[in-house]
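Undergrad: Sequence order for the protein chains is H and S. Counting with my numbering, you get residues 1 to 323 for the letters of the first sequence. Counting with my numbering, you get residues 324 to 616 for the letters of the second sequence.
These are calculated hints, taken from the structure and not from any lab test. The structure displayed is predicted, hence computed values, not measured ones. Be a bit skeptical, because a hint or two may be false.
Residues of chain S clear of chain H, computed beta-carbon distances all greater than 10 Å [to be verified]:
1) Thr326
2) Pro339
3) Gly346
4) Leu409
5) Met421
6) Gly422
7) Leu426
8) Val432
9) Trp491
10) Thr536
11) Pro544
12) Pro585
13) Val607
Derived lysine-lysine pairs resembling BS3-like cross-links, with alpha carbons at most 27 Å apart [to be verified]:
14) H:Lys223 with S:Lys563
15) S:Lys551 with S:Lys563
16) S:Lys551 with H:Lys221
17) S:Lys611 with H:Lys27
18) S:Lys611 with H:Lys223
19) S:Lys563 with H:Lys27
20) S:Lys610 with H:Lys27
The calculated label-pair distances, taken between Cβ atoms and stated as ranges, are [stated by the list, open to error]:
21) H:Gly34 with S:Ile533: 47 to 53 Å
22) H:Asp163 with S:Leu328: 21 to 27 Å
23) H:Asp177 with S:Arg337: 28 to 34 Å
24) H:Leu189 with S:Arg329: 56 to 62 Å
25) S:Asn583 with H:His140: 52 to 58 Å
26) S:Ala476 with H:Arg120: 54 to 60 Å
We treat Cβ as the ideally placed atom computed from N, Cα and C, and that holds for glycine.
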Amino acid sequence: MSSIVEPADPAQPPPIVQVTGLTKTFKDQEAVNGLSFTVYPADIYGFLGQNGAGKSTTLRMLLTLIAPTAGEIRIFGMDLRTNRREILRRVGAVIERPDLYKYLTAWENLSLFARMSGLRPDRRLLLDQLELVGLAQRAHSKVGTFSQGMKQRLGIATALVHDPDLVILDEPTNGLDPQGIADIRNLILHLSHHRKKTVIVSSHLLSEMELIAGRMLIIDKGKKIIEGRVDELFDPAQTLVELETADPADAAERLSRSRWQSHLNQRRGNKFLLKMDRAEIPSLTHDLVEMGVRVLAIQPRHSLEDYFLTLTTANQHVDAFTD
Amino acid sequence: MWTLLRIELFKIFRRPRTYIPFGAIAAMILIIQLGLKFDGRSYLELMMSSLSDSFFIPYNMIMNGYLVAFVILNTLLIQVPLLVALVAGDIIAGEANMGTLRLLVIRPVSRTRLLLVKFFASVVYTVALLVWMAVLSLFLSMLLFGTNDMMIARNTVMEQIRSSDVLWRYIAAFGYATVALSTVAALAFLLSVFADNSIGPIVSTISIVIVLTILSEMRIPLYDNTVKPWLFTSHMLAWKGFFYSQSDGQGAAIPGSVENLPAILRSLGILLLYIFGFVTAAIVSFKKKDILS
C-alpha cells in the first residue's frame, strides 16, 4: 500500500538497516505483517504509527527482543539471526519507558551498562555522556529521585555510552513536557548532524517527526502505509489533494476517464486522494466542474498529521489528532 | 563472564531488600540462642525424655556450642529455602517488572551467558546467606556456649562425637546445604523466567517446596519407594548424615567416619541433577522467550 515509492538511487550509500517481509504473529494476532523498509547512514528515520500499530514490536525485533515469525533483518550488511552480538555491539537503544535501576545512581547505571557492552569505562567517558544529556550535576543522585525527563535522558546516555553507530529510540518524548520534548529533539539532531549517528526514532507525535526526520515510515495495523523522504512528502510538486464528493461512484467513473486518472493515489469512502503539483489544483477544480462531479470539498494536504489522517483508517486516529 | 557476574552481584547487594533474609536469619538464631542460654536444660530434658530413664544424661556437658548449632540448623534449614526463593525468584522476573530486562537483553551478551551469570549470582547469594548462618549459628554459639563433645540423640540411641571430630562435619554439612539450597534457587530461577513480576515465582517456589516437603515427610507406603526417593525435598536434609558416625562395635563413634556416605552422595547427585535440569530448562525457555515487558 506504499504510496510513494522511492526510485533506486545509485548514489545512495549502502543501507544500515534493511528489513524485508518482516512478520510477527502472536498466537492468532498479526502484530507486524510483511513489513519492508530501509534505513541509510547518518539519517534520522522517523517510524510513525498509532499505539498498537506495530512500531514497538518491529523495533524489538530489530533488537532481538522478539523473534520474527517470518522475514529478514540485515543491519550493517549482516544477518541479525547469525550475527547478533556483532550487530548489538554497534547498536544503542531505549525501548518504550527508560527503565533503569532506581536504587542505583545515574553514574552507577551508566557504568553498569557500559560494562555490559564490553567497555571499561573511565571517569571521563561517563562524565562526557552525562554532560551530553545534561545530567552531570546529578551524577551521584539515585535514579529513583529523577523526573521522567531526566530518566529519559539518562536512558539515552546508556544507549550512547558505547558509541554505537545506530541508535534506536522508541517513543523518546513520551510523557515529557514541552521543554523535555525540545531537549530530546535537539539531542537527536545533534547525534545525527554532529556525531553522524544513524537514528531510528518512533513516535506518534507527527509534528515532532516533521521537525527532525529525514525519511520516514508510517505503519498501521502492522502494515506499511508509506515510506519516503519527508521533504518529498511536502514537495509542492508532490502535493496530496483530497477530494470529497457527494457521489463517489460517479466521481470515480468520471475521474477514471479523465487525465486525472494517473494522479489518483487512493480512494477511501467518498474521498479521493490525488498526487499532483500544487499549481495544478485550479485546473483540477475546473475539470471537476466541467465533468459534473458533485464536489463537497477539495483541499491540499500539507502536514504529516493530514497525511496520516488520510492514509490510516480508524476514526480514533482522527479523534486523537484533532484534540 | 567475571565482569557480568560482578555486575549481577553489585545489583543484588545494592538492593536494600537483599538484606531482609540476613536480618531474619540473625533474628531467628539470636532468639534460639537466647532461649537455650537461659533455659537450655528444660529444652534438653524435653528432647531427651525417652532416654533419661535408661541413661544418666550430663546436661551441662551436652549443652555446648556444637549442639546449639545443630539445633539451629535443624530448625532453620527448613525455613531458609523460603528466604533463598525471595532473591532467586526475583532475579529475572524482577528485572522484567522493573523494565530493565530489555536493556540487558539488547547488550552484546548471549542470553545463555546472561542467564548463567544470573544463576551463579543467586548461588553466590545463597552461599553468602549460609556463611552468615554458619557464623551466627556455629561460631557465635561456640563463643556463647563453649565447646565439648557433641551428643546426638537418634531414636533411643545417644551418639557421642568427639570435640575434635565435629568441625569438619559442620563444614561438610554447610557444603551440602549450599547444594540443597541452590536446588531451591534453581527452581525459583526457572519459574522466574516465565513471569513478569517476582511475586508469582516466589510464591510458586515456596508452595512447591512446602507441598513436596509434606509429601517427603508423610509415611505413606505407596509413596515411600516410588515417589519420595525422587523428590528433591527428600534429599535436602541429608546433611544430617554427616553427624551420624560408624560405630566401633563397642558403642563408640569412629572419628572421621560417616555412617552412610553413599546415601549422602546419592542424595547430592540427585540434587545436582535437579539443579542441572532446572537451569537447562530455564535457559531453553529464556532463549525462545519474546521480551515484551
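Undergrad: Now tell me, hint by hint, if it's right for this structure.
TA: Taking the hints in turn, this is what the structure says about them:
For Thr326 of chain S, the condition that its CB be more than 10 Å from all CB atoms of chain H is violated, with the nearest at approximately 6 Å. A Cβ of chain H approaches the Cβ of Pro339 of chain S within 10 Å, the least distance being about 7 Å, so the stated non-interface status is violated. For Gly346 of chain S, the non-interface assignment is confirmed: its Cβ lies about 17 Å from the closest Cβ of chain H, beyond the 10 Å cut-off. The non-interface label for Leu409 of chain S is consistent with chain H: the shortest C-beta to C-beta separation is roughly 16 Å, beyond 10 Å.
Against the 10 Å criterion, Met421 of chain S falls within the reach of chain H, whose nearest CB is about 6 Å from its own CB. Here Gly422 of chain S does not stay apart from chain H, with its beta-carbon only about 3 Å from theirs, under the 10 Å limit. Listed as a non-interface residue, Leu426 of chain S fails to keep its Cβ farther than 10 Å from every Cβ of chain H; the least gap is roughly 7 Å. For Val432 of chain S, the non-interface assignment is contradicted: its Cβ lies about 6 Å from the closest Cβ of chain H, within the 10 Å cut-off.
Its beta-carbon lying about 40 Å from the closest one in chain H, Trp491 of chain S satisfies the requirement of being farther than 10 Å from that chain. For Thr536 of chain S, the condition that its CB be more than 10 Å from all CB atoms of chain H holds, with the nearest at approximately 33 Å. Chain H leaves Pro544 of chain S outside its interface by the beta-carbon criterion, the shortest separation being 46 Å against a cut-off of 10 Å. The beta carbon of Pro585 of chain S is kept farther than 10 Å from every beta carbon of chain H, the shortest such distance being approximately 45 Å.
Annotated as non-interface, Val607 of chain S keeps its C-beta farther than 10 Å from every C-beta of chain H; the closest such distance is 14 Å. Straight-line distance between C-alpha atoms of Lys223 of chain H and Lys563 of chain S comes to about 64 Å, which puts the hinted pair past the 27 Å bound. Between the alpha carbons of Lys551 of chain S and Lys563 of chain S the distance comes to roughly 18 Å, so the proposed pair stays at or under 27 Å and holds. With a C-alpha separation of about 53 Å, the suggested pair Lys551 of chain S and Lys221 of chain H falls outside the 27 Å cut-off, and the hint is violated.
About 15 Å separates the Cα atoms of Lys611 of chain S and Lys27 of chain H, which keeps this hinted pair within 27 Å; it holds. Distance hint between Lys611 of chain S and Lys223 of chain H is fulfilled; the C-alpha atoms sit about 25 Å from each other, no more than 27 Å. Proximity of Lys563 of chain S to Lys27 of chain H is assessed by CA-CA distance (about 50 Å); at most 27 Å being required, the pair is judged violated. Restraint check for Lys610 of chain S and Lys27 of chain H: the C-alpha separation of about 18 Å stays at or below 27 Å, so the hint holds.
At roughly 50 Å, the beta carbons of Gly34 of chain H and Ile533 of chain S sit within the given window of 47 to 53 Å. Separated by about 25 Å at the C-beta atoms, Asp163 of chain H and Leu328 of chain S satisfy the suggested range of 21 to 27 Å. Judged by the Cβ atoms, the range 28 to 34 Å given for Asp177 of chain H and Arg337 of chain S holds: they are separated by roughly 31 Å. Taking the beta carbon of each, Leu189 of chain H and Arg329 of chain S are about 37 Å apart, not inside 56 to 62 Å as hinted.
Between Asn583 of chain S and His140 of chain H the C-beta distance comes to about 57 Å, which sits within the given range of 52 to 58 Å. As the Cβ distance of Ala476 of chain S to Arg120 of chain H is approximately 57 Å, the hint placing it in 54 to 60 Å holds.
The structure does not agree with the numbered hints 1, 2, 5, 6, 7, 8, 14, 16, 19 and 24 stated previously, though it agrees with the rest.
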